[in-house]
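Asks: Sequence:
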Amino acid sequence: MTNIELKKSLRAKIKATLKNLPPQDVLKKRCDQACLKICATEQFNSSEYVFVYMNMKNEADCSKVLNYSIELKKKVCIPKVLSDTQMEFYQLSSGKNSIKEQLVSGAFGILEPGPSMLNNIVNPEELRGKNVLMIVPGLAFTKNGERLGRGKGYYDRYIERLSQSGAKLCRLGFCFSEQIVQKIPCDMFDKKVDLVFDC
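First residue of the sequence shown: 3, per this note's numbering; consecutive thereafter.
It should be emphasised that the hints constitute simulated quantities derived from the structure, not laboratory data.
From a predicted model like this one, the values you see are computed outputs, not experimental measurements.
A portion of the hints provided could be inaccurate.
Pairs of lysine-lysine residues, derived as DSBU-like cross-links and limited to a Cα-Cα distance of at most 35 Å, are as follows [to be verified]:
{"no.": "1", "residue 1": "K31", "residue 2": "K102"}
{"no.": "2", "residue 1": "K15", "residue 2": "K75"}
{"no.": "3", "residue 1": "K17", "residue 2": "K185"}
{"no.": "4", "residue 1": "K193", "residue 2": "K21"}
{"no.": "5", "residue 1": "K132", "residue 2": "K15"}
{"no.": "6", "residue 1": "K154", "residue 2": "K170"}
{"no.": "7", "residue 1": "K10", "residue 2": "K31"}
{"no.": "8", "residue 1": "K154", "residue 2": "K75"}
{"no.": "9", "residue 1": "K17", "residue 2": "K77"}
{"no.": "10", "residue 1": "K145", "residue 2": "K170"}
{"no.": "11", "residue 1": "K132", "residue 2": "K21"}
{"no.": "12", "residue 1": "K193", "residue 2": "K15"}
{"no.": "13", "residue 1": "K170", "residue 2": "K77"}
{"no.": "14", "residue 1": "K39", "residue 2": "K15"}
{"no.": "15", "residue 1": "K66", "residue 2": "K170"}
{"no.": "16", "residue 1": "K10", "residue 2": "K75"}
{"no.": "17", "residue 1": "K145", "residue 2": "K10"}
{"no.": "18", "residue 1": "K77", "residue 2": "K30"}
{"no.": "19", "residue 1": "K17", "residue 2": "K170"}
{"no.": "20", "residue 1": "K30", "residue 2": "K170"}
{"no.": "21", "residue 1": "K15", "residue 2": "K66"}
{"no.": "22", "residue 1": "K194", "residue 2": "K31"}
{"no.": "23", "residue 1": "K102", "residue 2": "K145"}
{"no.": "24", "residue 1": "K193", "residue 2": "K39"}
{"no.": "25", "residue 1": "K170", "residue 2": "K39"}
{"no.": "26", "residue 1": "K15", "residue 2": "K185"}
{"no.": "27", "residue 1": "K77", "residue 2": "K132"}
{"no.": "28", "residue 1": "K15", "residue 2": "K31"}
Could you put together the complete structure from these sequences and hints?
Replies: Spelled out as structure tokens, the structure:
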């Protein structure tokens with residue numbers, strides 16, 4: 003089988019697994035405990051920018067990292083998919099507007115930057131030399147940092163842009179323990195993560 007076929011097969015297997023996760027309250031508790039561990043890491047504490055994702059159904063919830071980052075006055079950035087190939091991040095305003103006021107429900111019901119945030123687009127070039135922690139979602143991870151995304155390459159491309167910018171980037175994969183696998187077929191375009199936290 004080719005890597006493309008192997009990835010397709012693994013995606014189908016993981017998606018089937020995700021349909022049989024424990025109840026939401028159990029998952030929420032697991033996610034919150036893992037988020038506390040993330041917030042205790044040197045990589046989190048030294049970061050000036052924290053890039054988080056807004057979880058979809060059956061995806062690990064990293065909102066506790068988002069909230070704690072805001073408490074610590076870190077610069078928090080949220081993704082928005084603009085096309086089949088382009089994803090950009092936008093920085094949350096630290097002003098009066100609450101998080102909920104700055105986000106809207108986008109594709110698939112996932113929260114994304116609303117109109118008030120669209121002037122706050124992140125320019126990776128301006129992050130040169132800055133400590134950046136990116137919480138990266140995925141369908142599957144290995145313990146040594148291999149990642150299987152959903153097949154669109156959004157994060158692979160954005161991680162490449164951040165790496166090229168000269169940012170001091172730490173990529174942290176976050177998922178349910180059910181999404182940890184032994185091996186993931188990878189090619190030259192697949193970006194590994196530096197750390198993997200599962201819950």
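Asks: Could you run down the list of hints and mark each one as holding or not?
Replies: For each hint, the structure was consulted:
Proposed proximity of K31 and K102 is supported: the alpha carbons are some 22 Å apart, at most 35 Å. For the suggested pair K15 and K75, the alpha carbons sit about 40 Å apart, so the restraint of at most 35 Å is broken. Between K17 and K185 the CA atoms are separated by roughly 16 Å; this keeps the pair inside 35 Å, and the hint holds. With a C-alpha separation of about 26 Å, the suggested pair K193 and K21 falls inside the 35 Å cut-off, and the hint holds.
For the proposed pair K132 and K15, the alpha carbon gap of about 38 Å is over 35 Å, so the pair is violated. Between K154 and K170 the alpha-carbon distance is near 25 Å, which keeps this suggested pair within the 35 Å criterion. Of the supplied pair hints, the one linking K10 and K31 holds, its CA atoms being roughly 31 Å apart against a limit of 35 Å. The straight-line distance between the Cα atoms of K154 and K75 is roughly 32 Å, inside the 35 Å bound, and the hint therefore holds.
Annotation: proposed proximity of K17 to K77 holds, straight-line Cα distance about 33 Å (limit 35 Å). With a CA separation close to 22 Å, the supplied pair K145 and K170 stays within the 35 Å bound. This hinted pair does not check out: K132 and K21 have alpha carbons roughly 39 Å apart, beyond 35 Å. With a C-alpha separation of about 21 Å, the suggested pairing of K193 with K15 holds against the 35 Å cut-off.
Using a Cα cut-off of 35 Å, the hinted pair K170 and K77 holds, with the two alpha carbons roughly 15 Å apart. Annotation: proposed proximity of K39 to K15 holds, straight-line Cα distance about 28 Å (limit 35 Å). In summary, the hint linking K66 to K170 is supported, as the alpha carbons are separated by about 23 Å, within the 35 Å threshold. As the CA atoms of K10 and K75 are separated by approximately 40 Å, the hinted pair breaks the 35 Å bound.
This hinted pair checks out: K145 and K10 have alpha carbons roughly 20 Å apart, not beyond 35 Å. Taken as a hint, the K77 and K30 pair is honoured in the structure, with Cα atoms around 24 Å apart against an allowance of 35 Å. Taking the CA atoms of K17 and K170, the gap is about 33 Å. The hint holds against a cut of 35 Å. Restraint check for K30 and K170: satisfied, since their Cα atoms lie roughly 30 Å apart, inside the 35 Å limit.
For the proposed pair K15 and K66, the alpha carbon gap of about 28 Å is at most 35 Å, so the pair holds. A C-alpha spacing of about 27 Å is found between K194 and K31, which places the hinted pair at or below 35 Å, so the restraint holds. Between the alpha carbons of K102 and K145 the distance comes to roughly 34 Å, so the proposed pair stays at or under 35 Å and holds. Between K193 and K39 the alpha-carbon distance is near 23 Å, which keeps this suggested pair within the 35 Å criterion.
Between K170 and K39 the CA atoms are separated by roughly 21 Å; this keeps the pair inside 35 Å, and the hint holds. Restraint check for K15 and K185: the C-alpha separation of about 13 Å stays at or below 35 Å, so the hint holds. Between K77 and K132 the CA atoms are separated by roughly 11 Å; this keeps the pair inside 35 Å, and the hint holds. Between K15 and K31, the direct Cα distance comes to roughly 25 Å. Compliance with the 35 Å bound is thereby established for this hinted pair.
Hint compliance for this structure: hints 2, 5, 11 and 16 are not met, and every other hint is.
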